[in-house]
Amino acid sequence: MTYDPKTGKGLGRFYDADHRALKYREWRGAKDTFYDYARWMKLYGFMAAELGPYAPQMARAMLRYRWMVPYLTAANMMDRHTIGQSGKDLRYSHKQFYSVLHHSVIKVKEILQRDENLNPGSERARKLRENTVMFDEMTPSLIMMGFPTLDWIDIAMMAVGMPSEVDQNSCMYYIDAIEHFGLAPDVCPEPATECGVAVVDDYAKVGKCYVTSSMPCDGAVQQTALMSRYLKGVSIFQITPPQRINEPQVQEYAVKNLKKAIRFIEDEMGVKWDWDAFWKNAAMYNQMAECMIEKWDVNSTDYPQVCGAALALQREFEFMGAACLDEYMLKTDREVTKMMHKGYEYDLAHGTNKPKYRCIVWACPAHYYTNFANWADLCWGVKCVNDMEAMLSYLPITVGDQEQALRDLARCYERMMMRSHTNGGYVNLLDELWKMCDRFNVNIVIMYDHVSCRNVGGLHGLFEDEARSRGIHLIWVPHDVMDPRTVSRREMRDAFNKYMVNVFREEPLDPTLLDYEDALAW
Amino acid sequence: MKDLKYLKYFEDLLEDTGNDLVRKAEAEGDIALGYTCFHAPEVLMDLPGCFSLRLRAPHTNSMEMATYYMANNSCEYARALLERALEGNFAFLHGIVGVDVCEANNRCMENMGILKIQGADKEKFFISNLDVPYSDDEDCVEHFEEQVSRKILKPLRDNYGIDTSDAAIRRAVAEHNEICRVISELGDFRKLLNPPITGYEFHVLTLATYTCPKCLILKKLRETLEEVRSRRPDPNKKYRARVLVVGSEIDDPGLIKLIEDTGALVVADRFCFGSVPGRQEIPLNDDEDALTQVCRYNLQSTQCPRQCAAHRVQNRYDTVERLAREYSADGAIYEQIKFCTYWSYERAMAGYIMPREYGIHVLSVDRPYIVGQSGQLRTRIQAFIESLEIKKINEEKGERAQ
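As you go down the protein sequences, you meet chains S and B in turn.
Just so you know, we're using this note's numbering here: the first sequence kicks off at 6 and counts up by one.
Just so you know, we're using this note's numbering here: the second sequence kicks off at -11 and counts up by one.
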């Protein structure tokens, strides 16, 4: 219990309307507080060790790139996702998020090493760039499984995706820039922000060619057109998986398209696709997917373990950001899976930690409020046992059969983050939700109502009709993905609060979390 | 100018999707196939025994039911169609050929399918959703051909016994090309300094070819062409500036009328439901299947911003530049229906690129589906026309000074 009814003190007291950082550090008991502090030190220690040697470039990067600054607040991201946690939950979260930040720090280092803007005239940086493929945020870099000698950097993930999750205010400047350029403000702010970064010339110049895609939505398609102009002089390939991904007839085209992408990288970078490396990396991919499924299986029981953003964000980043090619993430997956089984056995034996309410999260989440599900748990006891964003491609890649492996890889692209549900017809978004409600034994769905998304919005009424007929509570939580000025975190909480009070007639577990101002917070 | 003899006739046909000619064709045993997008090859829905109807929702007011089902941030065109469908206005259709090209249209079709909008007597009704590739190379053509074969031709054959042979496709293409020749010739008159046809009249005629069985309007179109050939325009040109309209779908001639009421003349139409693309002849050779050629033509001639491979983006800018040159346009109006993601981006980029790289003055606007008498839009267009006039005056002054 994080709320003390005698003193009236709860977790809401950590937030301050006038400050970005939390007001206090949380006391979780000696053991857990020490653990938490040690992890905090570990993260900054790792950042110092990896980025310290590149201090001049880092300093230049802070002045050159607006998006670089939020990385300094990475520890706050861990704090946000661990607030109110102790014991095994605290450890799951720390390990999961550390693996995400671990990967990000290494990628930031790679940017510092080779960026032309930060290393003008450097021969070493030029050589590194010659060996690097740039990717767009919504294009999984899984194809690099077959190119072990090449480096790759997801330039938009590092400039937009990750910072937007670290600091809620990081995208506003870029959104304003692209709207000033003439883009309608009603489009999804995610690709709009990526375009905004291009308009103000804030992308790092770190590679020789650029791989983008048509995924996952109309906005992402159009972002490609703008990026193609921005990256004039850089060779570009657009991976365009089919839309109706459930149809077996479209798979042949998908594989052909992927083969073209492979050929593009071979031609541009002067290397050959390496099947041996691919098999090794595919095996790693499969192991990561297995760990994910194990977490799902445990979360389907009465005693879910790795929940909320610790489950979803890590998987999302593992697949989209790290392309399942990060051995540290696999190591973390194994550790957490082992801990999770132990935790499950304990809870089962003692009948502890059974959630008051169970929910799953559906539709596109707000980047600026990744810990919303944690808040719902702490404030109302609604535990998020799975998240649509984590339900991306999880079927294994066949090892040893080249044609089948490419079909499997194409399927990974078709069913990457969001796209696995928003493409291929309503069955993947609408019908799949009811299946997942059954599988995870939930009757509450936190339905993210992304106010600029035409895709999920296009099924709004059918969701309502079906949910009513099935007795499932859809709690629509509006947001605008990257722009908290449209719908603030506070307004998101308010939408949820109203449902819990008016429909469930529920009392909050921690009343101090009901309403507080955090518009300035990271 | 004297009114065109059949203008009122064509205007009346645009008042309702299930107009008199649609009812007549159905009474004669033809089947009506609705569609919404250029990416669904129109000519394949005009095979002998069936006819295509590009779906519209004229005089749309309330869209409350559709807004419940699709949320208020969806394209108004898609919502207007769903509203009409839920009201039962598309119950006469025998099938709908949808495309998974933009999110709003895709979801609109899916809602129609789930909510069963077909008439009670239409037991063979089908809705298909084509997977349209993002580019135009031969892999894309092959993929698209498979989709079209399975999702258009097969249900037509299996459900309605329509002849989908190569010969039937060639016949449909020939009839399609006949309509295209008439419309193209009518459109070419707009290249003249003082054209004998207005942009509004041309749009009404073009729109009629999308929304009526073609064989039933061809005769009157030919007569109209003859009439325009000999029509005497007003002695002094009445317009203040010639403009090209570019953008997302316009199926409301009221918008073109609103533009022309401000003193502009719409000389070229590069928008969905317009003549470019859509009313150019489809060239066929005898060496290859007609179906393959139709599919390739469709992918290579689309001007939808959804295709964002670099050469396709370039093709769109070049097309606008070519049209502006051929039709002597003083400027281009880039318009989009509100909430259209594709055109939001295209419009923003064109607003930057066209003036700087092509020297084409651009007005960039978004608009509701049914424009009505939008004062806001009228004011913006008026200001644009004035700016074009001022630029022309300044250019003339500059030339004189030299």
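FYI, nobody ran anything at the bench for these hints, they're computed from the structure.
Since the model is a prediction, treat every value here as computed from it, not as a measurement.
Take these hints with a grain of salt, some might be off.
[Unchecked claim] Derived DSSO-like pairs (lysine-lysine); straight-line CA-CA distance at most 27 Å: (1) Lys104(B) <-> Lys440(S); (2) Lys142(B) <-> Lys261(S); (3) Lys264(S) <-> Lys285(S).
Taken at face value, is the distance from the CA of Lys285(S) to the CA of Lys264(S) at most 27 Å?
Answer holds: Lys264(S) to Lys285(S) is near 19 Å, not above 27 Å.
Would the hint linking Lys142(B) and Lys261(S) be met if the CA-CA limit is 27 Å?
holds, 25 Å
For the pair we were handed, Lys104(B) and Lys440(S), check the Cα-Cα distance against 27 Å.
Roughly 23 Å separates the two Cα atoms, so the pair holds.
Figure legend: structure checked against the earlier numbered hints; every hint is met.
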